[in-house]
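Peer 1: Here's the letter readout for the chains.
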Amino acid sequence: MFIRLDTQTRSKVDLIDITEQVKAAIAEAGVGDGICFIYCPHTTAGIVLNEDWDPTVEADVAMVLDRIVPDTLPYRHGEGNSPAHIKAVLVGNDHFIFVHGGEPALGQWQGIFLAEFDGPRHRSIWIKVVSDADTC
Amino acid sequence: MFIRLDTQTRSKVDLIDITEQVKAAIAEAGVGDGICFIYCPHTTAGIVLNEDWDPTVEADVAMVLDRIVPDTLPYRHGEGNSPAHIKAVLVGNDHFIFVHGGEPALGQWQGIFLAEFDGPRHRSIWIKVVSDADTC
Amino acid sequence: MFIRLDTQTRSKVDLIDITEQVKAAIAEAGVGDGICFIYCPHTTAGIVLNEDWDPTVEADVAMVLDRIVPDTLPYRHGEGNSPAHIKAVLVGNDHFIFVHGGEPALGQWQGIFLAEFDGPRHRSIWIKVVSDADTC
Numbered sequence: 363m364f365i366r367l368d369t370q371t372r373s374k375v376d377l378i379d380i381t382e383q384v385k386a387a388i389a390e391a392g393v394g395d396g397i398c399f400i401y402c403p404h405t406t407a408g409i410v411l412n413e414d415w416d417p418t419v420e421a422d423v424a425m426v427l428d429r430i431v432p433d434t435l436p437y438r439h440g441e442g443n444s445p446a447h448i449k450a451v452l453v454g455n456d457h458f459i460f461v462h463g464g465e466p467a468l469g470q471w472q473g474i475f476l477a478e479f480d481g482p483r484h485r486s487i488w489i490k491v492v493s494d495a496d497t498c
Numbered sequence: 363m364f365i366r367l368d369t370q371t372r373s374k375v376d377l378i379d380i381t382e383q384v385k386a387a388i389a390e391a392g393v394g395d396g397i398c399f400i401y402c403p404h405t406t407a408g409i410v411l412n413e414d415w416d417p418t419v420e421a422d423v424a425m426v427l428d429r430i431v432p433d434t435l436p437y438r439h440g441e442g443n444s445p446a447h448i449k450a451v452l453v454g455n456d457h458f459i460f461v462h463g464g465e466p467a468l469g470q471w472q473g474i475f476l477a478e479f480d481g482p483r484h485r486s487i488w489i490k491v492v493s494d495a496d497t498c
Numbered sequence: 363m364f365i366r367l368d369t370q371t372r373s374k375v376d377l378i379d380i381t382e383q384v385k386a387a388i389a390e391a392g393v394g395d396g397i398c399f400i401y402c403p404h405t406t407a408g409i410v411l412n413e414d415w416d417p418t419v420e421a422d423v424a425m426v427l428d429r430i431v432p433d434t435l436p437y438r439h440g441e442g443n444s445p446a447h448i449k450a451v452l453v454g455n456d457h458f459i460f461v462h463g464g465e466p467a468l469g470q471w472q473g474i475f476l477a478e479f480d481g482p483r484h485r486s487i488w489i490k491v492v493s494d495a496d497t498c
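Residue numbers (the working numbering), protein chains in the order written: chain H, 363 to 498; chain L, 363 to 498; chain W, 363 to 498.
Next up, chain H with everything else stripped away, as it sits in the complex (with noise of 0.2 Å):
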């Protein structure tokens, strides 16, 4: 099975640092050393992997991507939110993290960010976390 994290996004794109959620699940599975497997079950929403000191990277992150799929070109998908299914194909659903000492073993400067891109809603991440000593 996996862990399920839950968050309430705050707009239509938003990205929400669930570094600490993610940090949470670890303990919760007991692993010390290992790898943890984030997965986002969502079509309009992805996970990022980034910066997580500088709120304003994120703001960035978010400009680009609406110049890269402007929400103006002849979509044909009739329910008008093609532009964030096609953002989360390009940031990605599912990512990983190694686990070290019972913690993310993240860079310096990198966070977790679950990316919002056809908000305000509820979402779930899924997580799995496997451990070296595990296999034996």
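Accuracy of the hints is not assured; some may be wrong.
[What the hints assert, rightly or not] One side only, chain H facing chain L, incomplete, derived with CB under 8 Å:
1. Thr405
2. Tyr437
3. Asn455
[As the list claims (entries may be wrong)] Stretch by stretch, here's where chain H covers chain W in the computed footprint (C-beta under 8 Å, at least three residues):
4. 381-387
5. 416-425
6. 464-475
7. 487-493
[As the list claims (entries may be wrong)] If you want a taste of the chain H side facing chain W, the calculated C-beta under 7 Å gives, among others:
8. Phe364
9. Asn412
10. Asp416
11. Asp422
12. Val423
13. Val426
14. Asp428
15. Phe458
16. Gly469
No lab work stands behind these hints, which were simulated from the structure alone. For each residue, glycine too, the CB sits at the ideal point set by N, CA and C.
Following the hints, position chains L and W against chain H.
Peer 2: Just chains L and W now, with coordinates in the frame of chain H:
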């Protein structure tokens, strides 16, 4: 070793829904709960996890990728397929999904696609399924 | 724990072929069949899996990323390296490859690159190799 899926793409740019083939590979691996790793060994095709309910979403993905990586830029690579290489980098060649109860644990609207950017061609996908239970 | 690779990038934007270093890490891990997880702990560099036969492909990847994420946009982040953060998000920091017979199971034309977007700098890559056999 890994399980190999084979498919034939139908046009230059094409998205082939391989969800059922991945499901069959998981059944062949005999894994109940675990992680399914999906790898595309090609450099002008990739893998996309996104909506498989409305095929116009896939057409919109292809349209935006053509706009981001147009055929008309002054590419240096002589074979004329640089846009295909770059699109593959943007969507990614390596993705994973969770497995639960012997089935792919996908979100409600998610499917798995081979994303062809330089077809039509014969393409392969490699699959490895790691069981939670196998990890002791 | 994980194996750490170190490299020195040569320019602002640079793609360094690390395929041989990854091969050596797999040999060091002593894994015959399994999965090699490759993680970049930086926020202005990423990892690219793509053609390593013709280096002009890599130049074309860099050219298109510059066009998608130009230096001239009105970025809010004060350090001037927002484009590098966003390019890293687009190519990804976390990738995996399969291992077969003690070697990376790459496609015929595939190589593994560190993608530098804010160099020249010293960079690290973290590697963890999980053996099929270890999983009982």
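Peer 1: A separate judgement is required for each hint: does it hold in the structure or not?
Peer 2: Comparing the hints with the structure gives:
With its C-beta approaching chain L no nearer than about 4 Å, H/Thr405 sits inside the 8 Å limit, and its interface hint holds. The beta carbon of H/Tyr437 comes within 5 Å of a beta carbon in chain L, closer than 8 Å, and the hint placing it at the interface holds. Hint on H/Asn455 holds. Least Cβ distance to chain L is approximately 5 Å, under the 8 Å limit. A stretch counts as covered by a chain when three or more of its residues have a beta carbon under 8 Å from one of that chain; for the stretch 381-387 of chain W and chain H the count is 0, and the coverage is violated.
Restraint check on the stretch 416-425 of chain W versus chain H: 0 residues with Cβ-Cβ distances below 8 Å, three needed, restraint violated. Counting residues of the stretch 464-475 of chain W whose CB falls under 8 Å from any CB of chain H gives 0; the rule of at least 3 is not met. Remark: the stretch 487-493 of chain W is confirmed as covered by chain H, as 4 of its residues place a Cβ nearer than 8 Å to a Cβ of that chain, reaching the required three. With its C-beta approaching chain W no nearer than about 17 Å, H/Phe364 sits outside the 7 Å limit, and its interface hint is violated.
Interface hint at H/Asn412: satisfied, since its Cβ lies 5 Å from the closest Cβ of chain W, which is below the 7 Å cut-off. Because the smallest distance between the Cβ of H/Asp416 and any Cβ of chain W comes to about 6 Å, under 7 Å, the interface hint for this residue holds. For the restraint placing H/Asp422 at the interface with chain W, the shortest Cβ-Cβ distance is roughly 4 Å, inside the 7 Å limit, so the hint holds. A distance limit of 7 Å between C-beta atoms decides the matter here; for H/Val423 the minimum to chain W is near 5 Å, and the interface restraint holds.
Interface hint status for H/Val426: upheld, as the beta-carbon distance to the closest one in chain W is roughly 5 Å, under 7 Å. A cut of 7 Å between beta carbons decides the hint on H/Asp428: the least distance to chain W is about 11 Å, and the hint is violated. At a threshold of 7 Å, the smallest CB-CB gap from H/Phe458 to chain W is about 5 Å, leaving the interface hint in force. For H/Gly469, the suggested interface contact is upheld, since its CB lies about 3 Å from the closest CB of chain W, less than 7 Å.
Consistency with the previously given hints fails for numbers 4, 5, 6, 8 and 14, ordered from lowest to highest.
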